[in-house]
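Protein chains in written order, with this note's numbering: chain G, 762 to 913; chain C, -6 to 280.
Take the hints with a grain of salt, since some may be wrong.
[Unchecked claim] Below 30 Å or equal to it, Euclidean Cα-Cα: the simulated BS3-like pairs (lysine-lysine) are:
id, chain 1, residue 1, chain 2, residue 2
1, C, K19, C, K243
2, G, K888, C, K226
3, C, K226, C, K243
4, G, K875, G, K791
5, G, K779, C, K243
In case anyone wonders, no lab produced these hints; they're calculated from the structure.
The lines below spell out each chain.
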Amino acid sequence: MEGLERIVREHPFFAGLKEGFCQLISGCAKNVRFEAGQYLFHEGQAADQFYILRSGRVALEMSAPTRSLTIQTLGEDEIVGASWLVAPYRWGFDAKALELTRAISMDAACLRGKCEDDHDLGYEMMKRFAPVLIQRLQATRLQILDVYGTRS
Amino acid sequence: MALVAEKGAAVPAHDPMLPRVARVRKRQRDLADVWTLNLEMEDGEPLKFAPGQFNMLTVFGVGEIPISISGDPAQDGGGLVHTIRDVGTVSGALARLGPGSAVGVRGPFGTSWPVEEAKGNDVVILAGGLGLAPLRPMIYSVLANRKHYGKVALLYGARGPGEILFRAELEQWRRRLDIELQVTVDHAETDWYGSVGVVTTLIPRATFDPQNTVAVVCGPEIMMRFGAAALRKAGVGDQSMYLSMERSMKCAVGLCGHCQLGSAFVCRDGPVFRNDQLGSLMTVKEL
Ligand SMILES: Cc1cc2nc3c(=O)[nH]c(=O)nc-3n(C[C@H](O)[C@H](O)[C@H](O)COP(=O)(O)OP(=O)(O)OC[C@H]3O[C@@H](n4cnc5c(N)ncnc54)[C@H](O)[C@@H]3O)c2cc1C
Ligand code: FES
Chain G
762 MEGLERIVRE HPFFAGLKEG FCQLISGCAK NVRFEAGQYL FHEGQAADQF YILRSGRVAL
822 EMSAPTRSLT IQTLGEDEIV GASWLVAPYR WGFDAKALEL TRAISMDAAC LRGKCEDDHD
882 LGYEMMKRFA PVLIQRLQAT RLQILDVYGT RS
Chain C
-6 MALVAEKGAA VPAHDPMLPR VARVRKRQRD LADVWTLNLE MEDGEPLKFA PGQFNMLTVF
54 GVGEIPISIS GDPAQDGGGL VHTIRDVGTV SGALARLGPG SAVGVRGPFG TSWPVEEAKG
114 NDVVILAGGL GLAPLRPMIY SVLANRKHYG KVALLYGARG PGEILFRAEL EQWRRRLDIE
174 LQVTVDHAET DWYGSVGVVT TLIPRATFDP QNTVAVVCGP EIMMRFGAAA LRKAGVGDQS
234 MYLSMERSMK CAVGLCGHCQ LGSAFVCRDG PVFRNDQLGS LMTVKEL
């Protein structure tokens, strides 16, 4: 557990988080690894965790009737999954390890419970997730604009 | 307003309003709608240029358009290379010219990339789509004088795996151990093993010291706007960021006002602008 607490404390995503909160969060964390090609989760499944990547790469994929598309790839220090934050807590895509990937898996129900119990912790978590969500939204807008498609 | 990005830019050696005749020496298809032409001046006198500058190319009987030089400035006479996307009348006619065809050339015009200012600094080269072409002369210069620069990161974004420009050359650069090369695409099927996501996502993943970095950015204007914002967020100052702007042109020598961008003329004060001097002009629509 001590090792996990250190990893959480030192991770850029949790930078500046109070010692007590780091301990609380570490209680919901565990170390996981995925082999290349292994899925972290599938679309439609319960989003009962999210991942903070420590090494490796993960592709977020969506299946269309005739083809499978990669919508984004994520790497070291990046967050996989935000669906655990909002009901009905279901994944909207598949997540596949592209290479050997090590991550911290966060138990979402555990973390949601702790955030409910202590809104200061909840606010700290929201402050960390909101920028990630905004960044992804902006990136998605750019992708939709298809800026390289035509001269613009 | 003086918006000159780099003092070392070359000026035309001949009457800038009179096209000189060049011949297509080689024509190569890069992508479905993108072609690279290697030109040779018919009078044998090579055209000296600085990275980032452009020429006005004429297809006789069709018209004239500005096209950046995408060749190696150090290659005497052999660097007169242009990479053209077929989007309309003149670009389409240029792209179809076979070896031996005549092309009118006026130039070189405009400001250049900060090859000298960047010395002693880390360099981030952020390119999107066809924007890699005007940046290629800068890449050649930096790599040819590698020891004068700190870390060099080339971050390139394309629409999809099939639309990656200069792919063979990117692979060569990736094999070098003294440059960090990252490529990402906006759209891909699951058989693509590389990165998917917009080019700005590569910035936090790259290694450079933002306080001592010169960043050069070229691509569609929206991509450059987002790119500049992401570089700023990473700690790079606007005074260390250079962008290449495009506006329609006629004279290319600062006379007609066709290429006006606020109080600046893109042909004379640009196309390469320092971002602190560009300021809000970037959101000014074409006149
Ligand atoms: C400094 C500078 C450097 C350039 N470098 C390159 C280069 O290296 N390679 C290259 O392929 N192009 C480059 N361009 C753009 C190129 O000049 C235009 O694509 C060209 O003028 C189009 O002319 P056309 O006769 O082929 O198209 P037209 O028949 O005039 O237009 C066809 C369509 O293209 C659109 N279009 C025309 N010009 C532009 C433009 N500048 N941006 C966006 N859409 C446009 C028009 O709105 C129209 O829909 C550069 C432009 C500038 C100002
Ligand atoms: S094109 Fe005439 S002033 Fe720039």
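Exercise. With a cut-off of 30 Å on the C-alpha distance, tell me whether C:K19 and C:K243 pass.
Key: Since the Cα atoms of C:K19 and C:K243 sit roughly 27 Å apart, the hinted pair holds (cutoff 30 Å).
Exercise. Below or equal to 30 Å on CA atoms is what counts here, so check C:K226 against C:K243.
Key: Violated, at roughly 37 Å.
Quiz item: Is G:K875 within 30 Å of G:K791, Cα to Cα?
Solution: Holds - the C-alpha atoms of G:K791 and G:K875 are around 16 Å apart, at most 30 Å.
Quiz item: Quick one, are G:K888 and C:K226 close enough, alpha carbons at most 30 Å?
Solution: Holds, at roughly 17 Å.
Quiz prompt | Given hint C:K243 paired with G:K779 - CA-CA distance at most 30 Å | solution = 61 Å, violated
Of the hints listed earlier, those the structure fails to meet are numbers 3 and 5, in rising order.
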